[in-house]
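Start from the sequences, fold in the hints, and give me the full structure.
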Amino acid sequence: MGWPGSGVAFSFEGNYATIAVTDGGAGLMDLVVNGEHSVIKLEPGKNTVQVGDGTFGTYYARLTRRSEFYDTGYFGISSPTPISFGGDEGKGFLSTKYSERKILFLGDSITAGFGVGGFTKSCGNTPALHAPLESYAMLAADGLNAEPQLIAISGRGVVHNWDANPAPVMPAQLDFALPDSPDTSWDHAQFMPDVIVTLLGTNDWSVIDPGRDKFRAGYRDMLSGLRERFPNAHIVTVSGPLLDGEQGAAIRDGIDWAMSDLSDENISTLDLKLADFGYVWSCNSHPGQTSMKVMANDLMRHIKTVTEWDFEPIETQVLINPPDILPVDGKMHFNTRVAEIADFPQQDGGTLLIGDSITEAWRDTPFRQSLLPQDLSNHGVSWDTSSGVIRRLPQILTNEPDRVFLKIGTNDISLGRTVEEIAQDVSAVVQAIRDRHPKTDIYLQSVLPREADKLERVAAVNQKYAQIAAATGAIYIDLTDRFAAQDGTLRPDLTYDGLHLTNEGYAVWAEALKPYFNR
1 MGWPGSGVAF SFEGNYATIA VTDGGAGLMD LVVNGEHSVI KLEPGKNTVQ
51 VGDGTFGTYY ARLTRRSEFY DTGYFGISSP TPISFGGDEG KGFLSTKYSE
101 RKILFLGDSI TAGFGVGGFT KSCGNTPALH APLESYAMLA ADGLNAEPQL
151 IAISGRGVVH NWDANPAPVM PAQLDFALPD SPDTSWDHAQ FMPDVIVTLL
201 GTNDWSVIDP GRDKFRAGYR DMLSGLRERF PNAHIVTVSG PLLDGEQGAA
251 IRDGIDWAMS DLSDENISTL DLKLADFGYV WSCNSHPGQT SMKVMANDLM
301 RHIKTVTEWD FEPIETQVLI NPPDILPVDG KMHFNTRVAE IADFPQQDGG
351 TLLIGDSITE AWRDTPFRQS LLPQDLSNHG VSWDTSSGVI RRLPQILTNE
401 PDRVFLKIGT NDISLGRTVE EIAQDVSAVV QAIRDRHPKT DIYLQSVLPR
451 EADKLERVAA VNQKYAQIAA ATGAIYIDLT DRFAAQDGTL RPDLTYDGLH
501 LTNEGYAVWA EALKPYFNR
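Using the working numbering, you'd call the opening residue of the sequence shown number 1 and step up by one each time.
These are computed hints drawn from the structure, not numbers from a lab. Fair warning: there could be bad hints in the mix.
What the hints assert, rightly or not - Derived lysine-lysine pairs resembling BS3-like cross-links, with alpha carbons at most 25 Å apart:
hint, residue 1, residue 2
1, LYS304, LYS97
2, LYS439, LYS464
3, LYS121, LYS464
4, LYS464, LYS454
5, LYS304, LYS273
6, LYS121, LYS273
7, LYS121, LYS454
8, LYS102, LYS304
9, LYS46, LYS121
10, LYS331, LYS454
11, LYS439, LYS514
Stated by the list, open to error - Simulated DEER-style distance windows between Cβ atoms:
hint, residue 1, residue 2, range
12, PRO373, GLU36, 17 to 25 Å
13, ALA172, GLU420, 33 to 41 Å
14, ASP348, LEU94, 18 to 26 Å
15, ALA507, ILE325, 30 to 38 Å
16, ARG212, ALA459, 50 to 58 Å
17, TYR476, ASN321, 26 to 34 Å
18, THR126, TYR516, 35 to 43 Å
19, ASP481, VAL207, 43 to 51 Å
20, ILE325, ASP348, 30 to 38 Å
21, ARG212, ALA512, 41 to 49 Å
Glycine included, C-beta positions come from ideal geometry on N, C-alpha and C.
Shown next, in the form of structure tokens:
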């Protein structure tokens, strides 16, 4: 098993079923059982995946590949074995009805769901953030109630691969049973698509100029090869959504020329765009979760016009979920507070405070109106971390403030996150604000002094913050001297618990920020 989203689907009656999966690395799989999704982390060697919780009943399951083959190698998978016990007489396998609709997707990292588990364009991609089930391709197939087949590899093109990788380009992969494996052969009779979607060209043009004529001919030959293999399928050629300008125009030119040269009336074309709200981006400047949903809806609408297939539109409302690292109480407050903030959105202009409980508690200080600007919005969320702020970016970026004061990181330290993890998240937040609102002044504040055993990490985080500010054009505000006692911990006259501030503490903080409020 090598292609993203490939796997097995089955239904059974019993207590549970087991599937043996052999992995040479540390692969990841998506398991959906009766609509509930989980990620399975594989260990090198043989793994036994249990489907079902042991309760006797009927189970509908789909186990598919999540990580790409170049990260974790190929998987071997056995047939599932249903198991009943305790006197229950299960029926074993049930008849699994597959949709008669079939779609083949030929693409690159966008189709494979590269990095879509991340929330900013600058996040560091890892195999865990690959999510084929959240790609536009799988979302569209689900919405159309169609069986998908993904032939997609990150970094690959029509005539040229992104990093000049000498491995086969995507048209050459069509007949391989496993990616990059010309010694394996796929029998297309096992999956004859009604619709074929091609989304390729980004890797051909993003780094070099492969030549207009070469790209045109390559795209034409790819379409001709698809028609030879699948004479009755409708082919949808897709451009977008990452390249614009001359590069985007070159992709569109190649598609249009190829379609004109073939004069095939059963080929149509579509431009897909990124969302303009929500999670627009994911890791390494790939489409984010909201963009994938918008793209899927646009693709489904197009496919309906050529097939008359009905479809279920995907809800694109942004759901801001708390980071997994938070405790239960923290997650509950996160959800409550995010909903409160949504009821009083930040307007264009003014001052925006972003942070955790220390920022949120400004609301309870009796003299806040005399110390803080009147045009202020408070986006402080108790318990929050830098990863939580990333998840809140769709809400934070909705309107353009004049100035943003970001103060986050102390909960990250308490929860054991590394200095590098915190710095990476905060850098992504600052860069996201800078990208969306280039005229907004960004003030990055230091983490306040903490208990003695945490001072070394506080200092390391603050050093990173100063570097981030310098690299992004933000202004770094070091609060340490105002708040530190002689032993380096938080001044006892400014705190009631060694972490949170008293009214006197907020007065000191306001005095430190006052010079920046009216810049």
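Hints, one by one, checked against the model:
Taken as a hint, the LYS304 and LYS97 pair is honoured in the structure, with Cα atoms around 22 Å apart against an allowance of 25 Å. A threshold of 25 Å between alpha carbons decides the hint, and for LYS439 with LYS464 the separation of about 24 Å falls inside it, so the pair holds. With a C-alpha separation of about 20 Å, the suggested pair LYS121 and LYS464 falls inside the 25 Å cut-off, and the hint holds. Between LYS464 and LYS454 the alpha-carbon distance is near 16 Å, which keeps this suggested pair within the 25 Å criterion.
Distance hint between LYS304 and LYS273 is fulfilled; the C-alpha atoms sit about 18 Å from each other, no more than 25 Å. For the proposed pair LYS121 and LYS273, the alpha carbon gap of about 16 Å is at most 25 Å, so the pair holds. Simply put, LYS121 and LYS454 have alpha-carbon atoms about 31 Å apart, too far for the 25 Å limit, and the pair is violated. With a C-alpha separation of about 14 Å, the suggested pairing of LYS102 with LYS304 holds against the 25 Å cut-off.
Pair hint LYS46 plus LYS121 does not hold up; C-alpha atoms about 35 Å apart against a cutoff of 25 Å. Under the criterion of a C-alpha separation no larger than 25 Å, the hint pairing LYS331 with LYS454 is consistent with the structure, at around 24 Å. Taken as a hint, the LYS439 and LYS514 pair is honoured in the structure, with Cα atoms around 20 Å apart against an allowance of 25 Å. The hint said 17 to 25 Å for the Cβ distance between PRO373 and GLU36, and at roughly 46 Å that hint is violated.
Look at ALA172 against GLU420: about 39 Å separates their beta carbons, and that is inside 33 to 41 Å. Look at ASP348 against LEU94: about 56 Å separates their beta carbons, and that is not inside 18 to 26 Å. The hinted range of 30 to 38 Å is satisfied by ALA507 and ILE325, whose Cβ atoms lie roughly 32 Å apart. A hinted range of 50 to 58 Å holds for the C-beta pair ARG212 and ALA459, which are about 55 Å apart.
The given range of 26 to 34 Å is respected by TYR476 and ASN321, whose C-beta atoms sit roughly 30 Å from each other. Judged by the Cβ atoms, the range 35 to 43 Å given for THR126 and TYR516 holds: they are separated by roughly 36 Å. Checked against the given bound of 43 to 51 Å, the beta carbons of ASP481 and VAL207, roughly 47 Å apart, stay inside it. For ILE325 paired with ASP348, a C-beta distance near 33 Å keeps the hint of 30 to 38 Å intact.
At about 58 Å, the CB distance of ARG212 to ALA512 disagrees with the hint of 41 to 49 Å.
Checked against the numbered hints given earlier, this structure breaks hints 7, 9, 12, 14 and 21; the rest are met.
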